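The opening position of the sequence shown corresponds to residue 1 in the UniProt record's numbering, with each subsequent residue numbered one higher.
Rather than coming from a laboratory, the hints here were simulated on the basis of the structure.
Model, not experiment: these values are computed from the prediction.
Beta carbons: idealized from backbone N, C-alpha and C, even for Gly.
Be aware that one or more of the hints could be misleading.
Stated by the list, open to error - Derived lysine-lysine pairs resembling PhoX-like cross-links, with alpha carbons at most 20 Å apart:
# : residue 1 : residue 2
1 : K537      : K513
2 : K536      : K509
3 : K536      : K526
4 : K537      : K509
5 : K175      : K136
6 : K34       : K98
7 : K537      : K526
8 : K536      : K496
9 : K98       : K32
To be verified - Restraint-style ranges between C-beta atoms, simulated for each label pair:
#  : residue 1 : residue 2 : range
10 : G278      : E306      : 18 to 24 Å
11 : G184      : S237      : 25 to 31 Å
12 : A222      : L99       : 44 to 50 Å
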Amino acid sequence: MKESTETDPITLCINTTHSLLEDEIPTVHHLKSKWSIFRVKLTQLQTHLTDFSSEYLKSSTSNPLSIHLIHSISQTLNDAVSLAQHCQSHSPDLPNGKLQTQSHIDSLTATLHRHVTDCDVLFRSGLLLETPAFSKREAVRSQSRNLIARLQIGSPDSRASAIDSLLSLLQEDDKNVTIAVAQGVVPVLVRLLDSSSDMKEKTVAAISRVSTVESGKNNLLAEGLLLLNHLLRVLDSGSCLAIEKACIALQALSFTRDNARAIGSRGGISSLLGICQGGTPGSQASAASVLRNLAKFGEIRENFAEENAVVVLLGLASSGTLLAQENAIGCLANLISEDESMRILAVKEGGVECLKNFWDSAPMIQSLEVAVEMLRHLGTNGAIGEVLVGEGFVGRVIGVLNCEVLTVRIAAARAIYALGLNGGGKTRKEMGECGCVPFLIKMLDGKGVEEKESAAMALSVLSLHPYNRRIFRKDERGIVSAVHLLNPSMVNLDKKYPVSLLVSLLHSKTCRKQMVAAGACVYTPKLVELDVPGSKKLLDGLGRGKIWGVFARP
Numbered sequence: 001m002k003e004s005t006e007t008d009p010i011t012l013c014i015n016t017t018h019s020l021l022e023d024e025i026p027t028v029h030h031l032k033s034k035w036s037i038f039r040v041k042l043t044q045l046q047t048h049l050t051d052f053s054s055e056y057l058k059s060s061t062s063n064p065l066s067i068h069l070i071h072s073i074s075q076t077l078n079d080a081v082s083l084a085q086h087c088q089s090h091s092p093d094l095p096n097g098k099l100q101t102q103s104h105i106d107s108l109t110a111t112l113h114r115h116v117t118d119c120d121v122l123f124r125s126g127l128l129l130e131t132p133a134f135s136k137r138e139a140v141r142s143q144s145r146n147l148i149a150r151l152q153i154g155s156p157d158s159r160a161s162a163i164d165s166l167l168s169l170l171q172e173d174d175k176n177v178t179i180a181v182a183q184g185v186v187p188v189l190v191r192l193l194d195s196s197s198d199m200k201e202k203t204v205a206a207i208s209r210v211s212t213v214e215s216g217k218n219n220l221l222a223e224g225l226l227l228l229n230h231l232l233r234v235l236d237s238g239s240c241l242a243i244e245k246a247c248i249a250l251q252a253l254s255f256t257r258d259n260a261r262a263i264g265s266r267g268g269i270s271s272l273l274g275i276c277q278g279g280t281p282g283s284q285a286s287a288a289s290v291l292r293n294l295a296k297f298g299e300i301r302e303n304f305a306e307e308n309a310v311v312v313l314l315g316l317a318s319s320g321t322l323l324a325q326e327n328a329i330g331c332l333a334n335l336i337s338e339d340e341s342m343r344i345l346a347v348k349e350g351g352v353e354c355l356k357n358f359w360d361s362a363p364m365i366q367s368l369e370v371a372v373e374m375l376r377h378l379g380t381n382g383a384i385g386e387v388l389v390g391e392g393f394v395g396r397v398i399g400v401l402n403c404e405v406l407t408v409r410i411a412a413a414r415a416i417y418a419l420g421l422n423g424g425g426k427t428r429k430e431m432g433e434c435g436c437v438p439f440l441i442k443m444l445d446g447k448g449v450e451e452k453e454s455a456a457m458a459l460s461v462l463s464l465h466p467y468n469r470r471i472f473r474k475d476e477r478g479i480v481s482a483v484h485l486l487n488p489s490m491v492n493l494d495k496k497y498p499v500s501l502l503v504s505l506l507h508s509k510t511c512r513k514q515m516v517a518a519g520a521c522v523y524t525p526k527l528v529e530l531d532v533p534g535s536k537k538l539l540d541g542l543g544r545g546k547i548w549g550v551f552a553r554p
């Protein structure tokens, strides 16, 4: 049966508040300054109770959170009445002593402040205005709001129960994560990172789950250094599970230059490398992934050198799980991309053998992308390139040149370019003899600009050897495909590579005719205007067959 307005808990709280403000507090004789502070908080609470009694009355009395909050407020107010009456004594000494009574007033004031804050949270959550949910999405939205509110109000046990429920909700579906993020869960979780160890571990797990969904990453990034610092502290002092979850969250945060600098300057690289050496298999893989992101930024590579990272990463690449090995190789590839000394160090520490073992044992072609990238960067050193050729990497890279994974094909073509550019004629011929030219010609007609450009790069350097030029000329698609890449309307493709390829074939009258017939005379003058390297030489070479200009087509 519904309570009457005169006996409902909200009305009782309002009446008690009024009594305290008008009757009890004005007549105290002891600790008046303390009661003055209490009165300020009580006035703030009175405003919220009025809100409850008006527009929120109907819904608040049926909402479990508000029922619990009103009950707590009622207890606090009743305690305040008793304490105020205690301080109304005319005796010069308080029965329970001045210090103890003063402590009780301070405690009640702090509790009142918490009640005011909890009311703010509850009103802002929108829970008191909710209507019944008629769809699954509305139900998840309502549940998210409820859990977010519970994480901010109530007892420690209640908050612990709420974080457990939130984790279950987030694990169910990526859409649930998106909804919870939209309801404002991220800032609340970040504030909870100051909680006790058990609560903190679960909070880190929730944050790591949010980080795995694209819609949550920007919200995590918006939390800035506060979140980063919390996660970095977990790396040094958290449990095994918390460390692994913190690494997962850091993967989403370490893509930006500012965050990378912050992680590097706060000892994060040292902590992550320590995890790579002694962490659980899962945390090793995640830590290596974070390091892989960080290694892209040249300004913090010095931190890697100071921590002897190459040796640690090679160790993980030789003994970790497949994912850990892949991330370690990927990190090494980034580290050596622009650092000659690190390339040499990686080879001295057994990097070539490590790369070979990973390449030959990888169960999926996709995993080889990082290995091909590392091969490419090592190949920019001529002496190291000779070692790689001698170890059979020409056959390995050409073996993936025709695979179905686009990114691996592109990486392989760029690796061939690096090996061919920095190696001698013997290396270029060996790559041609292994059958890479037809695969590269096929890639000239690829769907993406990046694939076309990488193929043109590789062919431009392979065509420096006569054997490869003969192979290229035998394929009727080759010249036509290369000429099409000259079209100025094809943006984001460096024209110097197809120009260089075609220049290498100008000595052949047949090739010149094919170029003109394919439209080279239409495209080349524009490239000369754009000052593309080699374009003037190509235009002059084509001029020797001007009669064929009548066959030119736009």
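Q: Compare the distance between the alpha carbons of K34 and K98 with 20 Å, and conclude whether the hinted pair is satisfied.
A: With a Cα-Cα distance of about 12 Å, the restraint between K34 and K98 holds, given a limit of 20 Å.
Q) G278 and E306, beta-carbon distance inside 18 to 24 Å? A) Given about 19 Å between the Cβ atoms, the range holds.
Q. Does K32 lie within 20 Å of K98 when you go C-alpha to C-alpha?
A. Satisfied, since the Cα-Cα distance of roughly 12 Å is no more than 20 Å.
Q.
Between the alpha carbons of K537 and K509, is the straight-line distance 20 Å or under?
A. Distance of about 15 Å is within 20 Å: holds.
**Q.** Pairwise beta carbon distance, A222 to L99, judged against the given window 44 to 50 Å
**A.** At roughly 46 Å between Cβ atoms, L99 and A222 fall inside 44 to 50 Å, so the hint holds.
Q.
Check the hint pairing K536 with K509 against an upper bound of 20 Å on the C-alpha distance.
A. Distance of about 18 Å is within 20 Å: holds.
Q | Supplied distance hint 25 to 31 Å, evaluated on CB atoms of G184 and S237 | A | The hinted range 25 to 31 Å holds for G184 and S237, with Cβ atoms some 28 Å apart.
Q) Is K537 within 20 Å of K513, Cα to Cα? A) holds, 16 Å
Q.
Just to be careful, I want the Cα atoms of K537 and K526 compared with a cutoff of 20 Å; is the pair within it?
A. Judged against 20 Å, a Cα distance of about 13 Å means the pair holds.
Q: Given the hint that K536 pairs with K496, test it: the Cα-Cα distance must not exceed 20 Å.
A: holds, 11 Å
Q.
Just to be careful, I want the Cα atoms of K536 and K526 compared with a cutoff of 20 Å; is the pair within it?
A. Holds, at about 10 Å.
**Q.** Proposed proximity, K136 with K175 (alpha carbon, max 20 Å)
**A.** At roughly 11 Å apart (the allowed maximum being 20 Å), K136 and K175 satisfy the hint.
The earlier numbered hints are all upheld by this structure, with none contradicted.
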